[in-house]
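Protein chains: 2
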Amino acid sequence: MDKRVFEGLLYDFYGELLTQKQKYIFEGYYMEDLSFQEIGELYGITKQAVSDMLKRTLKQLSKYEEKLGYVKRFAEQREAIENAIELIDLGEKDEVKNILNSLLD
Amino acid sequence: MDKRVFEGLLYDFYGELLTQKQKYIFEGYYMEDLSFQEIGELYGITKQAVSDMLKRTLKQLSKYEEKLGYVKRFAEQREAIENAIELIDLGEKDEVKNILNSLLD
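Note that the protein sequences, when read in sequence, are chains W and C.
Those letters in the first sequence? Residues 64 to 168, by my numbering.
Those letters in the second sequence? Residues 64 to 168, by my numbering.
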């Protein structure tokens, strides 16, 4: 998976555990494509401070994933469901049921 | 949902974010059915301290659920998948696909 996409997913899954300031800075950089300089000007901090804060935020988000693993879990689940949808049209009832039952474990 | 079952789920979903001591005390009470007194003796603290710690731990776990909502999300998903499994045997292909597609949103 592309690094930036993965970082976006980390934020989707655990962003609510960040402070409001961390969220603004993360969103400025990742969603609004602002530079460190531009974000720094918005919040009255240096671009170095923005860079440091983003690094710490990513580390924190990675730690949550390491402990909880929901990004990985949802990606695997998604793949299984997409697979099941394809198999429905092929009439593979038992196989579809096996896949869905495995999601209930 | 039964309160104690829900508290167990909170622990399943977010327990990894607790400290080792919080985990031991939670597991002593919820999984090993020890009394506050017995847990206190194991860790050299009073039963009141055990009670306070459990209360704080539950509050912390509830906060995670409030912010992330994975207990609720997984329960809903589970219900949808169980529903889909039943519909497969009834030959309701389109309905099954609708349910599975809704899980990909």
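Treat the hints with care, as some may be off.
Any copy, or any two copies together, can satisfy a pair, since identical chains are not distinguished.
Lysine-lysine pairs mimicking BS3-like chemistry, simulated, CA-CA at most 25 Å apart [claimed, not checked]: (1) LYS130 x LYS84; (2) LYS118 x LYS130; (3) LYS156 x LYS110; (4) LYS86 x LYS66; (5) LYS118 x LYS135; (6) LYS135 x LYS86; (7) LYS156 x LYS126; (8) LYS156 x LYS86.
It should be emphasised that the hints constitute simulated quantities derived from the structure, not laboratory data.
Right, here's what the structure says about each hint:
1. LYS130 x LYS84: both (23 Å within a copy, 16 Å between copies)
2. LYS118 x LYS130: Cα proximity of LYS118 and LYS130: in one copy and across copies (18 Å, 22 Å).
3. LYS156 x LYS110: Answer is neither: 57 Å inside a copy and 55 Å across each miss the 25 Å cutoff.
4. LYS86 x LYS66: within (19 Å within a copy, 33 Å between copies)
5. LYS118 x LYS135: within (21 Å within a copy, 31 Å between copies)
6. LYS135 x LYS86: Classified as both; 22 Å inside a copy, 24 Å across copies.
7. LYS156 x LYS126: neither (39 Å within a copy, 41 Å between copies)
8. LYS156 x LYS86: neither (44 Å within a copy, 42 Å between copies)
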